[in-house]
Amino acid sequence: MDYTPREIIAAFRAGLLERVLRSNTVWLCASCYLCTVRCPSGIKLTDIMYELKRLGVEFGLVQEGAIAPVLSKTFVDMVDRYGRVPEIPLVMAVLLKTNPLGILKMIPHGLKLFLRGRMPFWPHRISGISELEKCSGAMTDALVSGLHPGSGAGEEA
Amino acid sequence: MGSRLEFSYYPGCSLEGMNKAYDKSARVVSKELGIDLTELNDWNCCGASAYMSIQELRAHLLSARNLALAEKEKKDLAVVCPACLTTLTKSNRYMGEDPKLRRTIASALKAANLQYLGTVKVRHLLEVIVRDIGEQEVKARVSRPLSDLKVAPYYGCQFTRPFGDFDDKEFPVMLDTLLKWLGAEPVNFPLKAKCCGGMLMTTNEPVGLGLVRSLLDCAAQNGAECVATICPLCHITLEAYQGNVNKRFATSYKLPTLYFTQLMGLAFGFNRKELGINEELISSKHILAKHVEAV
Amino acid sequence: MAEKIGVYVCHCGTNIAQTVDCKRVVDYASALPNVTVAREYQYMCSDPGQELIKKDIKELGLTRVVVASCSPLMHEPTFRRAVEEAGLNQFLFEMANIREQCSWISENKEMATERAKSIVGAAVKRVEFQEPLDVKKVPVNPNVLIVGGGITGIEAALQIADSGKKVYLVEKEPTIGGYMARFDKTFPTLDCAACILTPKMVSVGQHPNIELLSYSDVTGFSGYVGNFTARIRRRAKYVEEEECSGCGLCTEKCPVSVPSEFDCGLGKRKAIYRPFPQAVPNVPVIDKDHCLYFTKGVCKVCQKFCPRGAINFEQKETYIDLQVGTAILATGFDLFDASKVKQYGYGRLPNVITSLEFERFSHASGPTGGKILLKNGQMPTSIAILHCIGSRDTNFNEYCSRVCCMYSMKIAHLAHEKTGARVYEFYIDIRAFGKGYEEFYKRILEEETTFIRGKAAEVTDVPQTPAEKGKLVVVAEDTLLGIVRRVPVDMVVLSVGFEPRKDTIETARIFSISRSQDGFFLERHPKLAPVSTASDGIFIAGACQGPKDIPDSVAQGAAAAANALSLIDRKEVTLEPTVAFIDEKSCSGCKICLGLCAYNAITFDETKKVSKVNDALCKGCGVCVAACPSGAIEQRNFTDNQLLAEVESICAAGK
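Residue numbers (the working numbering), protein chains in the order written: chain X, 36 to 192; chain L, 994 to 1288; chain A, 1013 to 1667.
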């Protein structure tokens, strides 16, 4: 990682978060929660990393060429559309956007999986998808009316 | 909530496609142990790490809908994926602790005539089996002990971290204990709760491969004949990329990777097909032949 | 006859005057019924201020006095004394707090002044109902009980005994000496711990004024300041202390070997043992749980060989009662259990040891005769010392244990001296606050100890490179560099923090003292009264009050001794008469008050079938007063009349 957790907090205190957001650190975080569990000051660092990810996406400040933000955004699109996310279509979509030639590397893997019947093709759309949309919509309204100052693209109250 | 052994089953997205074997074997052994797993109808993706990385509140909403649906069934939620476990538990906890969050989500759910009153508990199947079912009941069903099959018990990160107070957060023992009940020999595995990298294998391959290499190396050094997993993402990460690891690091790992439910099923007398073991990418035939009768 | 009340409003410099219009308060008070005179002054607590009051009492014949100023906790005794000196009973005085409860919490001058008027009015109404009370004087027993025979208890004992008073020193181990007896060297002078400790131990053992009760503990403590009764349990040593010459033959002949607690389980002791050779008293004890005679009815070799016939298997545990005037608790601490922090591998990985275990290795009479050795018998070529284990951590203990930085550096020095190994210290901050401490840090730096600023994240035995094979790898972020480092070493020493002793809750209960949030005993005031407690006559000293090093422990031991001697030399103490009293006629004999009294001050008279309060034990907390369903219990100087008068006055003022 370009910036260690301590350096992230120091950067925040100094108003120099941008350098952190542009580093590889934010999207390297795999949410293993080891930091949160061990921190002697009880800081929920993993949650902070999530917030940095969201900030980075919101303000377009991410490490150049990073695949992880693309993967997360694609994931969100799929959930919003289908309610579930099958892995292969997800990975395919991400590779198409970031490294189309990488799909070739995946073919041997894909073949092996296909031969063993482990390849899902179409995402399953849940019936409650419109329900979820309605709830999301109500959430936005709630934010606009100032119920909860949360993060989320352009939804600051 | 509900009877001790009745759960709403939440498989999670990764069990629908590449990891159907986990779903299959989980249902098989649960039935055998008298755990009623009725799939939660029309469940939606929990969002895992990815959704929370983009949207905080909508991520909580995803969990809340599942919890609301489960609450209607008046049963607790049983999961087999630690990411689902952590994500659902996080929303559950945070809504419980933060009244503002609770109210926001509640008003969002209302739009679909849903409500969640905070009564559902989310539990991983491994924890249910070890703590609720217990040694006697499990051992009673072992008709085909795994005869000292050397297994590296791999927990991954999100089984005990951050909310899993039921076991140690860095050196858990639940899976080790279960493996012993099945007659297998859990080997010393210091990296048992260290991260496999998860999605990093896709988003940052060198880092991902390095992490998997450490895990495989540690398992092999400690004499493991196979690795037992309790997470579908850990499973695919460990299983599918051993070739890539070998290419990059000039190693020769070929470690069969099995779900804990598959190992249980074998010990209970089920065959490879019933447990989805025939879908594996690295063959476990030889090690099973050595230790488990007539597989 | 109407009372003659004098009211004095203090400016307290600008503390009160800045927010409260004192003149208006004085004018208001003047107009109140029965107020003879009302004055204001800059500093009422000063000599001229007090003179004002005394003069008015004498010349105007005042029968009641109200001073409106600061909190009674500050100057109530001052004004009470002044009033008494002028010939008026001190309990005919009332203090109205218009500072902490008025000027300090009001921003609005108008509101503050109105509030002050209200408070003064209430005090004026109340004081009319106050009655003269006599303070009770009780004699002080000059004997002192000291619980704990570590360096702190030893210091306190010697100070008091040297002044001619009698000390009962109770120690639960077979010997005094505490933790200090287990250390090799002490920072920053690198004095040998035993060399500076044992002469003091011997002095204690030989002092005519110190009765040493070792292998004993306090099971009960009752009474009140100057007059306590302590119940001591004297455990059976199975060795007659007066007969034993300390020759040690029995310990040589005993066939049973068990892990030695003194050596942290790293060495062995016999079933009949002295914790260490310089034990005071130099009398062994028999460990019943492992002695062959007690477990299997055989052996008795010790008895066979004892030249003085001092072994007595029939010895019984006894209880004795001691009458003392004061008690000093110097019960010490426990070390944090490092196995709780799983990521450092204590108990799981070989060659991960605690600081105390290192001391025992280093000690000449320790389990390895003073050599630092790995499990395989070899000397380590590299040692890592990890700071802040269990301290400064919300997951374990939030506080800093104060001494670990210094002892870590001492360990680094010993490690260099004895092994020539490469020594690393992983720290967050270096706390070298005492005399000679920063200089010691410099010395350790000059000895080429490598200091890495970053708390160790974990200790692992899983190698990532060939250089790490067979080693313990300490993983830490070097925060000065901003990189994560993996440092392979042979041995890891965990600098564990201090914790309150496990039986602290029990001890606190026996002595009726409180503990602070961190679990150590609570001092009366963190700055100004560090060795007294809220319970008069009971003092605390040393690590039982909070983590501290030897110089501070000795200082507190001496301070507690001074406190105790001050009390004793006063020859008598005054007891506050503002205690509860029961009107026998109104008491229904329901006994609700008995169970509520935390100080066991209420007894039930079986003949009259009424409850009775022991004035000396009652602390005036008021719980029984509130609880009595018949209203039979009142508290002197807090009677219903007085309190209702205040309330009525305030409500009227509100209109």
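For the record, the hints were derived by calculation from the structure and aren't laboratory data. Fair warning: there could be bad hints in the mix.
[Said to hold, decoys possible] Listed below are several chain A residues computed to face chain X (Cβ distance under 10 Å; list not exhaustive): (1) T1406; (2) F1408; (3) T1491.
[Claimed, not checked] Quick list of the computed label-pair ranges, beta carbon to beta carbon: (4) L:K1247 x X:I138: 24 to 30 Å; (5) A:D1515 x L:E1090: 31 to 37 Å; (6) A:Q1476 x X:P135: 53 to 59 Å; (7) A:G1277 x L:D1035: 29 to 35 Å; (8) L:K1247 x X:F47: 42 to 48 Å; (9) L:E1090 x A:I1440: 40 to 46 Å.
Built from N, CA and C at the ideal position, the CB exists for glycine as well.
Practice task
Check each numbered hint against the structure and report the violated ones by number, ascending.
Solution key: Violated hints (numbers, rising): 6, 7 and 9; every other hint is consistent with the structure.
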